[in-house]
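Quick one: dock chain against chain with the hints and give me the complex.
In the order they appear, the protein sequences are chains A and B.
Converting from the first sequence to this note's numbering requires adding 3 to each position, the first position being numbered 1.
Converting from the second sequence to this note's numbering requires adding 1 to each position, the first position being numbered 1.
The reader is advised that the hints may include incorrect statements.
As the list claims (entries may be wrong) - The list that follows gives simulated cross-link-like pairs (lysine-lysine, DSS-like), each with its CA atoms no further than 25 Å apart: (1) Lys-69(A) to Lys-22(B); (2) Lys-10(B) to Lys-22(B); (3) Lys-100(B) to Lys-10(B); (4) Lys-79(B) to Lys-25(A); (5) Lys-22(B) to Lys-79(B); (6) Lys-100(B) to Lys-79(B); (7) Lys-22(B) to Lys-25(A); (8) Lys-71(B) to Lys-10(B); (9) Lys-71(B) to Lys-100(B).
Since the hints were derived computationally from the structure, they do not count as laboratory data.
Read off the chains here:
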Amino acid sequence: MTKEPTRKPARKKRTVLTGGRKRVLVVLFVPSVERDGETTIDQDHWVEATLEMFGRVFGGATAYPKARGIWRDDERGGALIKDEPVVVHCYTTPTDIQDDTNLAELGSFCRMMGREAHQGEIGLVVGDEYFAIPDFAEE
Amino acid sequence: MKTQLDMDKIARGLGAERRGKVEAAGGYFGAMQLLADIEARFRVPAGGGRPTDPRWTERRLLPLAPRTLKRFEQLASKVREHGGVSIEPMQLAALLLEKTAEDLSEDEAEELVRPKKRASR
Chain A
4 MTKEPTRKPA RKKRTVLTGG RKRVLVVLFV PSVERDGETT IDQDHWVEAT
54 LEMFGRVFGG ATAYPKARGI WRDDERGGAL IKDEPVVVHC YTTPTDIQDD
104 TNLAELGSFC RMMGREAHQG EIGLVVGDEY FAIPDFAEE
Chain B
2 MKTQLDMDKI ARGLGAERRG KVEAAGGYFG AMQLLADIEA RFRVPAGGGR
52 PTDPRWTERR LLPLAPRTLK RFEQLASKVR EHGGVSIEPM QLAALLLEKT
102 AEDLSEDEAE ELVRPKKRAS R
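With the rest of the complex left out, here is chain B (with noise of 0.2 Å):
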């Protein structure tokens, strides 16, 4: 029988984030396996911090409308809850930031920027 545990709960106890599934097993091959598969899976950059894409070297400070951070939030507190992946607010911004600049067209980008006109009353 599977044991059922309240991993949030265990988070919340220990202070810790939940990065994920894993098989663990007992005795030396199973430590000894398991430590693979993490160190693989879940290595952390040299210099502390949470695992992250490696490409992502620059860094600019973005302002944001609190509404906007709230939805990051949102969004990656359901990510994480139902995806099994660890991911913060500003990293699902990261990425959406990312795979927007790809899609959008010059035109479109120019539609965004450009002053909306006001509705005459």
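Excised from the complex, chain A in its bound form (with noise of 0.2 Å):
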């Protein structure tokens, strides 16, 4: 008689790999100059807002020291703009992104630093695509 083979029992999906991990990166720019290119914004002030909001609403975030930039405007005559946005990144689950509160706080933040810093708009990377914001009028 051959032996049956004893079969494992099956083991319980991890759910550490199917909803709670933090995957999902959101990135926010935090301007250095106002829409004009050239005045000042108060940067330090804006990243510690942005660190708060994130870690507030999603557990967490990390800013990174700012880059340095430059780029030519055509349309004003090929003038030269030197920026530093400071990168914040933030990293959350899928659930959380999409909930309707977080994303409204989300927006609201973005819409105030948009409408206090005068900028043009504000830009943010969810995932794999870009979104910016243009308008910041209060809801």
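Dropping the structure here:
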């Protein structure tokens, strides 16, 4: 008589791989100058405020040292515009980033920064897509 | 496994416009690379507003029938949805004007504006 192969009891799926793990990257760019490209803004204040918002809403974030950039504005006679944006990374879950309350809070924060720091638009990345908020009207 | 996100829902929730795909990676170098990519591809014109063709320096009021505007809105929405390109209805209208103006002959232009003869009853 052949011996039946003993089956191992099926393991429970690890929920960490399906739902709870923070795997969606949200990136917010904190500008260094106003929309005129010259007037500096209180960037430290906005980096602090961004970190505080991400911490409260999504549980944490990292601000990287500022990058230095330069670009030619062909709409203003080829003027060279210098900026030093700070990139803030926040990892969250698909559930949390698609939550209506969280989205409303993130959107509201971006509009506030856009208004108070006199920006043309605020840019952020969610997952693999770039979003722009050009309208800062309060809701 | 790639995370499936409802990007339209996210855009609505944020009050944002979808601008296009990027490759976002973690860490310092990922952050810097992403920044360079975005600054090159999605740069906002000075003075604010959405990215546009820098050659479009002239602005005129353009009267439209409501159904024409509706059609531009539908077309722009389709382009945004399927093409991954952010475009507003009147930006699309400007593109069409530019293309048609290049292709249209003088005879065709005359034909367009000539009053049509009504069919006799």
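Just to be careful, I want the Cα atoms of Lys-100(B) and Lys-10(B) compared with a cutoff of 25 Å; is the pair within it?
Since the Cα atoms of Lys-100(B) and Lys-10(B) sit roughly 34 Å apart, the hinted pair is violated (cutoff 25 Å).
25 Å Cα cutoff - pair Lys-71(B), Lys-10(B)
Distance ~23 Å between Lys-71(B) and Lys-10(B) Cα, so the pair holds.
Would you check the hint for Lys-22(B) and Lys-79(B), treating anything up to 25 Å between C-alpha atoms as holding?
holds (16 Å)
Are the Cα atoms of Lys-79(B) and Lys-25(A) separated by 25 Å or less?
violated (32 Å)
Hinted pair Lys-10(B) and Lys-22(B), Cα distance within 25 Å:
Satisfied, since the Cα-Cα distance of roughly 16 Å is no more than 25 Å.
Lys-100(B) and Lys-79(B): Cα distance at most 25 Å?
Judged against 25 Å, a Cα distance of about 19 Å means the pair holds.
Between the alpha carbons of Lys-71(B) and Lys-100(B), is the straight-line distance 25 Å or under?
Between Lys-71(B) and Lys-100(B) the Cα gap is close to 20 Å, so the pair holds against 25 Å.
Would the pair Lys-69(A) and Lys-22(B) pass a check requiring their Cα atoms to be no farther apart than 25 Å?
holds (23 Å)
For Lys-22(B) and Lys-25(A), compute the direct alpha-carbon distance and say whether it is at most 25 Å.
Status holds; Cα separation ~20 Å.
The structure fails to meet hints 3 and 4 from the earlier list, while all remaining hints are met.
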